[in-house]
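Peer 1: Start from the sequences, fold in the hints, and give me the full structure.
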Amino acid sequence: MSAIANRVIQLSSFLRCLRLATPTHLHYSTLQLIRDAIADFYSSFHVFEPHLS
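Under the working numbering, the first residue of the sequence shown is numbered 1, with each subsequent residue one higher.
Read the hints as simulated data drawn from the structure, not as lab findings. Since the structure is predicted, the reported quantities are computational estimates derived from the model, not experimental observations. Note that the Cβ used here is the ideal one computed from N, Cα and C, for glycine as well. Where hints are given, some of them may not hold.
Label pairs and their computed distance ranges (CB to CB) [unchecked claim]:
1) Ser2 x Ser29: 32 to 42 Å
2) Leu33 x Arg7: 15 to 25 Å
3) Leu31 x Gln10: 11 to 21 Å
4) Asp40 x Cys17: 29 to 39 Å
5) Leu31 x Ile9: 17 to 27 Å
6) Gln32 x Val8: 13 to 23 Å
7) Gln10 x Asp36: 32 to 42 Å
8) Asp40 x Ala3: 17 to 27 Å
Peer 2: Below, the structure written as structure tokens:
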């Protein structure tokens with residue numbers, strides 16, 4: 001469980017850096033890609049850890 005939490009923290013800090021480095025006119029498409037990636041990321045965990053949902 002802590003391994004998953006660490007991964008989520010790493011991912012969120014990476015995404016924060018990515019957002020800060022992205023020009024404003026690219027934010028919308030970038031956020032859409034990120035949202036899809038996060039949805040895939042969490043859905044893959046829900047298969048194994050349904051109590052997290």
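Peer 1: Of the numbered hints stated previously, which ones are contradicted by the structure, given in increasing order?
Peer 2: 4, 7
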